[in-house]
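Student: Since the structure of chain A is already known, use the hints to place chain B on it.
Those sequence lines, one after another, are chains A and B.
Start counting the first sequence at 92; every next residue gets the next number (the numbering used here).
Start counting the second sequence at -5; every next residue gets the next number (the numbering used here).
The set of hints was computed from the structure by calculation and includes no laboratory data.
Positions of the beta carbon are idealized from the N, C-alpha and C atoms, including for glycine.
Take the hints with a grain of salt, since some may be wrong.
Short, incomplete list of chain B residues facing chain A, as computed with Cβ under 8 Å [claimed, not checked]:
id, residue
1, Asp(-2)
2, Val(-1)
3, Ile8
4, Ala11
5, Leu50
6, Phe122
7, Gly123
8, Thr126
9, Ala150
10, Ala158
Here is what each chain is made of, one letter per residue.
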Amino acid sequence: MSIPTDYLLALSVVLFVLGILGVLVRRNAIVVFMSIELMLNAANLALIAFARQMQDLIGQVVVFFVIAVAAAEVAVGLALIVTIFKTKHSIDIDQVSGLRG
Amino acid sequence: MTTDVWIFLGLAAIAVASAISMLVSRNAVYSALFLVLNFVAVAVLYLLLNAAFIALVQVTVYAGAIMVLFLFVIMLLGAERLHTERALKWQQPAAAVLGLALLAEMAMVFFRGAGSPTAPSAVLGGAFGSPTAVGRLLFSGYVLPFEVTSVVLLAAMIGAIVLAREERRVRREKP
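Bound conformation, chain B alone:
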C-alpha cells in the first residue's frame, strides 16, 4: 500500500459517502451540495490519474457552473422540500432489489475479467496527460468535434431560453 493508494481510498470513501448522502437527504439543496463534494473528490482523483486538465474542467464546469444552475433552479422553484404521497408502495424495495442485482451483475463481470493487467506497467512520464499534451491533441486531431461542441452549447442555450420564455409569450397573446 503506497501513499497513492491510501489517498485513493480516502477519496473513494468521500465520493461514495457523499453520493449516498445525496440520495437519502430530504432537502434538495443538501443533495446538490453533497453532489458538489462528490465532484470535487472525483476531481482530486483525476489529479492523481495524470489528468490535470480534466480535473480543472470538472471543478469549473461541473462543480461550478452546472451545480450553481441546479441550486438556482431549486431555489427559484422553492422545491427544496417536496413531501409527496407515494403512488407505488413497492417502489423502494423493488428499486433496492434491482440496484443490488445490477451491482452483483457488474461485480460478476468484474471478477471474471480479473487477471488482466491492472496497473500501467511502464512508469508514466510526467508529460502524460499534461494540459499541454491534451490541448495539442484537442486542437490538432479533434478540431471539428471541438467546434461542433460550441454549436451544441449554442443550441442548448437557445433551447433553454425558448423553453423558459414560452409561458410569458402565451400570456401576452391572450388579452
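Chain A extracted, bound-state conformation:
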C-alpha cells in the first residue's frame, strides 16, 4: 500500500502556508526569496502527487519545467538583490520604497 495522496496534499498545503508566512513576516529580502522557493517546492509536491494519482507522467514533465524556470528566476532575482544592495546598502525590503509616490 502506498502513501495516500491526501497526506501528500496536506504536507504541500502546510509547506505553502509556511512559505507565505515567511514572505509576510521576514524583512530580509533573501529570506523572502527563499520562502518563495519553498512555495514553488510545495506546488511541485502537489503536482507530483497528482501525477501519481492520475498515473500520468505529464505532471512530472511540468515539474521539470517549473524547476527550470525557478532556476532562471533565482538568477535574475539575486542579480536584482545585488543591484539594490549596491545602491541602498541594505536588503531590508522596507527600505526599497523608491517608487513610492
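Tutor: Below, chain B without anything else, positioned relative to chain A:
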C-alpha cells in the same frame, strides 16, 4: 500503517521542521542550509512517489545550484545578520493571523473534498515514472517547451550579467 507511510511521516516531519527553522533563524546562512535540508527531504519523498528523475533534478538543481547561488549572494553581500528596526509593529501578528486564516481555509477546502479516491487503486508498475519514460515523453511530446527552456535560461543569464555589471559601466563613464 505500512513502511511507506512511516517513511512519509518522518520525511514530512523533517520538511516541516526545517521550513519552520528557516523562517525563525536570525542568520540567513542558517536559513539557506535549513532550506537545503527541506529540499533534500522532499527529494527523498519524490523517490517514494515514482519520480526518480524529478528527485535527482531536485537535488542537483534546487539543493545544489540554486542554494549555492543563494549562499554566494548572502556571503557576497555580508547580509547574514540583518538587524532592522521594525517599521510596522503590528506586522508580525497580522501575518500570523492571515497565515492561520489561509491554513484554515485550505483545510476547509481539503476536508470538503474528502471522499474522493485517496490512493492510486491499481498497483503501480515499476515502469511508471522511470527516468526512461519521463525522458521519452520529454523528447517526444514536449520537445518545443524543452528547447524554449534553454532560451529562458539564456535570457536569465544575460539579464543577470547585465544587472550585475550596470554599476561598473556607469562608473567608467563618469571620469
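Student: What hints, given by number in increasing order, does this structure fail?
Tutor: 3, 4, 5, 8
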